[in-house]
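Participant: Dock chain B against the given chain A, drawing on the hints supplied.
As given, the protein sequences belong to chains A and B, one line each in that order. Here the first sequence is numbered in numbering that gives the first Met the number 0, starting from 0 and rising by one per residue. Here the second sequence is numbered in numbering that gives the first Met the number 0, starting from 0 and rising by one per residue.
What the hints contain is simulated information worked out from the structure, not anything from laboratory work. Beta carbons are placed, not taken as given, at the ideal position from N, Cα and C, and that holds for glycine. Don't take every hint at face value.
[Claimed, not checked] Quick list of in silico lysine to any residue cross-link-like pairs, SDA-like style, CA-CA up to 25 Å: (1) K117/A to T20/B; (2) K117/A to F8/B; (3) K117/A to W2/B; (4) K117/A to S132/A; (5) K117/A to A45/B; (6) K117/A to F22/B; (7) K117/A to W37/B; (8) K117/A to G12/B; (9) K117/A to G15/B; (10) K117/A to Q47/B; (11) K117/A to V23/B; (12) K117/A to S6/B; (13) K117/A to E46/B; (14) K117/A to M29/B; (15) K117/A to A49/B; (16) K117/A to R39/B; (17) K117/A to R48/B; (18) K117/A to W19/B; (19) K117/A to G13/B; (20) K117/A to L16/B; (21) K117/A to A10/B; (22) K117/A to L52/B; (23) K117/A to T131/A.
[What the hints assert, rightly or not] Quick list of the computed label-pair ranges, beta carbon to beta carbon: (24) F9/B to H21/A: 37 to 45 Å; (25) W120/A to A41/B: 42 to 50 Å; (26) L27/B to N182/A: 31 to 39 Å; (27) A5/B to F138/A: 39 to 47 Å.
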Amino acid sequence: MSTGINWLKYSSPQAFYPLAGHLIPWFACVAVALMGVGLYMGFFVAPTDFQQGEAYRIIFVHVPAAWMSMFLYVVMAVWAGIGMGLNARLSFMMAQAIAPTGAMFTFLALLTGAMWGKPTWGAWWVWDARLTSELILLFQYAGVMLLRTSIDDVRRADRASAVFALVGVVNVPIIYFSVQWWNTLHQGASVSMATGSKMASTMLTAMLLMTVAFWLYSIAVILARVRCVMIERESSPVWNDEKPAVIQETVEAR
Amino acid sequence: MQWGSASEFFAMGGYGLYVWTSFVATALCMVWEVLALWRRRAAACAEQRAALLGGTDETTA
Numbered sequence: 000m001s002t003g004i005n006w007l008k009y010s011s012p013q014a015f016y017p018l019a020g021h022l023i024p025w026f027a028c029v030a031v032a033l034m035g036v037g038l039y040m041g042f043f044v045a046p047t048d049f050q051q052g053e054a055y056r057i058i059f060v061h062v063p064a065a066w067m068s069m070f071l072y073v074v075m076a077v078w079a080g081i082g083m084g085l086n087a088r089l090s091f092m093m094a095q096a097i098a099p100t101g102a103m104f105t106f107l108a109l110l111t112g113a114m115w116g117k118p119t120w121g122a123w124w125v126w127d128a129r130l131t132s133e134l135i136l137l138f139q140y141a142g143v144m145l146l147r148t149s150i151d152d153v154r155r156a157d158r159a160s161a162v163f164a165l166v167g168v169v170n171v172p173i174i175y176f177s178v179q180w181w182n183t184l185h186q187g188a189s190v191s192m193a194t195g196s197k198m199a200s201t202m203l204t205a206m207l208l209m210t211v212a213f214w215l216y217s218i219a220v221i222l223a224r225v226r227c228v229m230i231e232r233e234s235s236p237v238w239n240d241e242k243p244a245v246i247q248e249t250v251e252a253r
Numbered sequence: 000m001q002w003g004s005a006s007e008f009f010a011m012g013g014y015g016l017y018v019w020t021s022f023v024a025t026a027l028c029m030v031w032e033v034l035a036l037w038r039r040r041a042a043a044c045a046e047q048r049a050a051l052l053g054g055t056d057e058t059t060a
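Extracted from the complex, chain A is given alone in its bound form (with noise of 0.2 Å):
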């Protein structure tokens, strides 16, 4: 490969093991620094909405965490795809280290949604397509992990938990065009690739500090997940960062 690294390489859990563990402590770091920054502009440095108030700024957990919800969704469903496809074991387990990731900021989506709709619309919760079909894509999380944990044999548990997961991947279009398609209470998008920002610059740098923040706390989350889940696949020790140790430990033991 012309890069010089084989990434090919860190396909296998052994490999693959080690790198993560490196990458961690970095994706951590400055997703605490970003999330810092973007809280300091958020409360800081960005005005008050003229028609929303203050309550507006809930905004800057709701759209990443709604985003992330979304996005998490779409890779776990691609990892599955990758596994089925490959039949790589790495692929499921990086599908199984993100569902429970994605069904937090899901939750947290639709909570900090009800703080904002409460004062806003004088309502915790609609029936909107917006908010039922984010609703559905807590369930589908939820569908993901309980097959898994369902199926003891673990090649059948990935294969059953990755179709759920595909199947369910035709939802994530629906919540983001769901504010075009249907006449719905949640507002439209106030970013769009097409039409740029609505929103005052400071609001929208704000909100994108804490949505990169994000994306990197999930990173770190998801890779961390997925070391857990390769010790707990493996019975060889070779996943053990503290190798030298264990080896030492259980030498003395015997």
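Facilitator: This is chain B only, laid out in the frame that chain A set:
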């Protein structure tokens, strides 16, 4: 900066309850997720150590 005082900041123009619930819930979820992963990792490592010792959990003590 639009805040005259700390109490004004925490009041969030009357939306304090909603704004702070959102941010605190998000922070708690993230902290909980990191702690849960920490525990999961410790449990997985302990189990592997036990398997390596060739015994069940009680051999690890």
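Participant: For each hint, tell me whether it holds in the structure or not.
Facilitator: For each hint, the structure was consulted:
Note on K117/A and T20/B: the hinted pairing holds, with a Cα-Cα distance of about 12 Å set against a maximum of 25 Å. For the proposed pair K117/A and F8/B, the alpha carbon gap of about 20 Å is at most 25 Å, so the pair holds. Restraint check for K117/A and W2/B: satisfied, since their Cα atoms lie roughly 24 Å apart, inside the 25 Å limit. Restraint check for K117/A and S132/A: the C-alpha separation of about 19 Å stays at or below 25 Å, so the hint holds.
The suggested pairing of K117/A with A45/B is violated, with an alpha-carbon distance near 46 Å, which exceeds 25 Å. The straight-line distance between the Cα atoms of K117/A and F22/B is roughly 16 Å, inside the 25 Å bound, and the hint therefore holds. Of the pairs offered as hints, the one joining K117/A and W37/B is violated, with about 35 Å between alpha carbons and a cut-off of 25 Å exceeded. Among the hinted pairs, K117/A with G12/B is consistent with the structure: their alpha-carbon atoms are about 15 Å apart, no more than 25 Å.
The suggested pairing of K117/A with G15/B holds, with an alpha-carbon distance near 13 Å, which does not exceed 25 Å. Taking the CA atoms of K117/A and Q47/B, the gap is near 48 Å; set against the 25 Å cutoff, the hint is violated. As the CA atoms of K117/A and V23/B are separated by approximately 17 Å, the hinted pair is consistent with the 25 Å bound. Between K117/A and S6/B the CA atoms are separated by roughly 22 Å; this keeps the pair inside 25 Å, and the hint holds.
A hinted pair counts as satisfied when its Cα atoms are at most 25 Å apart, and K117/A with E46/B does not qualify at roughly 47 Å. Restraint check for K117/A and M29/B: satisfied, since their Cα atoms lie roughly 24 Å apart, inside the 25 Å limit. Pair hint K117/A plus A49/B does not hold up; C-alpha atoms about 51 Å apart against a cutoff of 25 Å. Between K117/A and R39/B the alpha-carbon distance is near 37 Å, which puts this suggested pair outside the 25 Å criterion.
For a cut-off of 25 Å, the pair hint linking K117/A to R48/B is broken: about 51 Å separates their Cα positions. Restraint check for K117/A and W19/B: the C-alpha separation of about 14 Å stays at or below 25 Å, so the hint holds. For a cut-off of 25 Å, the pair hint linking K117/A to G13/B stands: about 13 Å separates their Cα positions. Between the alpha carbons of K117/A and L16/B the distance comes to roughly 11 Å, so the proposed pair stays at or under 25 Å and holds.
Our distance criterion of 25 Å between C-alpha atoms is met by K117/A and A10/B, whose separation comes to about 16 Å. Annotation: proposed proximity of K117/A to L52/B is violated, straight-line Cα distance about 56 Å (limit 25 Å). Using a Cα cut-off of 25 Å, the hinted pair K117/A and T131/A holds, with the two alpha carbons roughly 16 Å apart. Distance hint check: the CB atoms of F9/B and H21/A are about 40 Å apart, consistent with the given range 37 to 45 Å.
About 44 Å separates the C-beta atoms of W120/A and A41/B, a value consistent with the hinted range of 42 to 50 Å. Range check, L27/B to N182/A: Cβ separation about 35 Å, and the 31 to 39 Å hint holds. The hinted range of 39 to 47 Å is satisfied by A5/B and F138/A, whose Cβ atoms lie roughly 41 Å apart.
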